[in-house]
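Colleague: Here's the letter readout for the chains.
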Amino acid sequence: MRPLRVVQFTLWGAAAVGLVGLGLALSGALPIAGSGQRVVTTTTAGAPQIGGSFRLTSHAGAVVTDRDLKGKPFGVFFGFTHCPEVCPTTLFELTERMKELGPLADKITFAFVTVDPERDTREVLAEYMQAFDPRILALTGTPDEVAAVAKAYKASYRKVPTEGGGYTMDHTAIVYLMDKDGRFTSSIDYHENKDTQLTKLRRVVAGAGT
Amino acid sequence: MPSFIRPALAGAALLAATITPASSHDYKAGPLVLNHPWSRATPGSARVAAGYLKITNTGAQPDRLLGGTSPLAVRVEVHEMSTADGVMRMRPLDAGLEIKPGETVELKPGAIHLMFEQIVEPFRAKNRVPATLTFERAGPVEVLFNVEPIGASPPAGGHEGAAHDTPGRAP
Numbered sequence: 001m002r003p004l005r006v007v008q009f010t011l012w013g014a015a016a017v018g019l020v021g022l023g024l025a026l027s028g029a030l031p032i033a034g035s036g037q038r039v040v041t042t043t044t045a046g047a048p049q050i051g052g053s054f055r056l057t058s059h060a061g062a063v064v065t066d067r068d069l070k071g072k073p074f075g076v077f078f079g080f081t082h083c084p085e086v087c088p089t090t091l092f093e094l095t096e097r098m099k100e101l102g103p104l105a106d107k108i109t110f111a112f113v114t115v116d117p118e119r120d121t122r123e124v125l126a127e128y129m130q131a132f133d134p135r136i137l138a139l140t141g142t143p144d145e146v147a148a149v150a151k152a153y154k155a156s157y158r159k160v161p162t163e164g165g166g167y168t169m170d171h172t173a174i175v176y177l178m179d180k181d182g183r184f185t186s187s188i189d190y191h192e193n194k195d196t197q198l199t200k201l202r203r204v205v206a207g208a209g210t
Numbered sequence: 001m002p003s004f005i006r007p008a009l010a011g012a013a014l015l016a017a018t019i020t021p022a023s024s025h026d027y028k029a030g031p032l033v034l035n036h037p038w039s040r041a042t043p044g045s046a047r048v049a050a051g052y053l054k055i056t057n058t059g060a061q062p063d064r065l066l067g068g069t070s071p072l073a074v075r076v077e078v079h080e081m082s083t084a085d086g087v088m089r090m091r092p093l094d095a096g097l098e099i100k101p102g103e104t105v106e107l108k109p110g111a112i113h114l115m116f117e118q119i120v121e122p123f124r125a126k127n128r129v130p131a132t133l134t135f136e137r138a139g140p141v142e143v144l145f146n147v148e149p150i151g152a153s154p155p156a157g158g159h160e161g162a163a164h165d166t167p168g169r170a171p
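So the protein lines, in turn, are chains A and B. Counting from 1, one number per residue, gives the positions in the first sequence under my numbering. Counting from 1, one number per residue, gives the positions in the second sequence under my numbering.
Some hints could be false.
Claimed, not checked - Here are some chain B residues pointing at chain A (derived, C-beta under 10 Å):
hint : residue
1    : T42
2    : P43
3    : S45
4    : V74
5    : E77
6    : T83
7    : P92
Bear in mind the hints are in silico, worked out from the structure with no lab data behind them. These numbers come from a predicted model, not from an experiment. The C-beta atom is built at its ideal place from N, Cα and C for all residues, glycine as well.
Isolated chain B, as found in the complex (with noise of 0.2 Å):
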């Protein structure tokens, strides 16, 4: 069952931490490895933000995400974008996202990703956010999400085609 590799990080982080570690971070969950969980800054009057992070899944069995949940939004949702024909759309994965065994998932821009919904504050660059993430069989696993400006790129290894002239700012 759920086993919490980084307790109390989640109470410090409500004071919006100002040190990000040097690179990236790493959370464990019973077989499931969970990398660098990062968003990007929002808007002013942005309501939603997106998380992405990747999760390995290092056990003989399949898990999946469910979703999550997190005190700076109203709910927390595993969605797919997708673009076809210049048309941007998005649904949430009510089924979640299965991570079969030996199998890596990144969550990442223009694909599936985490949906902050209703946030209560904007997201701000360099602060990381709480959540919660549920997994079907790993049960809750409390996180951190580094906050990285708009338009941030995916940490080196992701791809995304998009603001690949932007780096994620490394403090």
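Just chain A, same shape as in the assembly (with noise of 0.2 Å):
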């Protein structure tokens, strides 16, 4: 075997590991909120199930299902707007990959989905997002809704308690990037760097087929 085909190899193995592991990570321990039930994957080929249709609102108070994102790759990310950190921060990370991308950005949609249904009704949604590019879509439903959502990401998000009777959100905290037909194709970490970032979602919209 020439040494490039190892090389090969060695980076199909190590990609393939590393989606096991992502389907594992995201689906294994993780309890889906509501349903106290544990989704166990078993990957044979391929990239794990990620992804699937939904039903939700937006903070404009269309109805936005998965066939309305479609056609155009897009990011998911689930989040709160109780969250200090993590969720503005990637929102605002979004908005500023955006402005990077240029006319690239309007060949990818950014779809914010709420964990906490309960607090973050579409009006605070929309008064959230007034801080974030106005393109990024904020998704709320009914609990179910939203439930539903983040099976079909194998997200996990659960209610943890805080002093004083309020609570806060333990949730999946990556963007999955998703191609036009609504397959996943990579993630974003909220660790990972700008060019890191900004190479994964050139990627995904060049893979649009346009």
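Using the supplied hints, reconstruct the complex from the two chains, each of which is provided in its own coordinate frame.
Modeller: Below you can see the structure in the form of structure tokens.
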């Protein structure tokens, strides 16, 4: 075997291990709120089954389904507005990346799905999103609708009581990057630097088959 | 017991001072040095905000940051954020945050931070937020948190791993 092939095999192996690892990480030990059940994914080939159909309501009041997002690549991010850091920072970073992508930013849709529909009403989201790129959709729904989209994306969230009768939410904090057919391609992590994020975004946008 | 190095600043801060220190600002409370408390602006309907600073213990006894109060929040608690397998978790540090003798502890994005809960109005960039931090030994210390823009990076020397491209606005 020539060295190049070894490198290729190693990379594909690493990619496969990475995807399986991600699949397990996103599904294995993560109870879906409300159901108490654990989702176990056994990945035999290719990417884990991340993504699927959903029906939610945007901060502008429109019904948004997975079919509305398909046709262009899209990014899905779970969070909540009572989130001191990861959520506003991620939305801020997406806003900045969209500026840096320039016209390419119109070729991808970003959706911020709240895992706290109890507090994150359409009105709360509408005010919150004024701080970010107006093209980013904020989505809420009934508890069942939110549970369904989180389950489809193997995202976890959990209500954690705090002092004073309040609560905070543990939640999956990656940005899922989906192709125009709604298939999972990669993810952006909160800790990644700007260039890595841009590279991933350009890659998923380029795959749009424009 | 408590020694207030910058009295009367909290009152002034309620007027939302438009002049912020040129660089970092320090406070002393006994053997503790509190370096550059800062926060980030919050989106319109947000009800929480985070606070960050460095604390150095120059004394011979350990101390603990237990929490605090602020006229702009119902509660100020010490929280720890962690990310594992892509899942963000946040927990109050019920026993507070220990600062050992000779040690510097940095509260920063992605890690231990102060959580301003149920804020009564949005934190706006360039404003300053008054707070009283409570230490087990040093007692209450009044400080001002400089509010930087959403997504601002920690001051030089801080490491967050995100938003490095957006330095905090230095007026």
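Colleague: So which of the earlier hints does this model not fit?
Modeller: none
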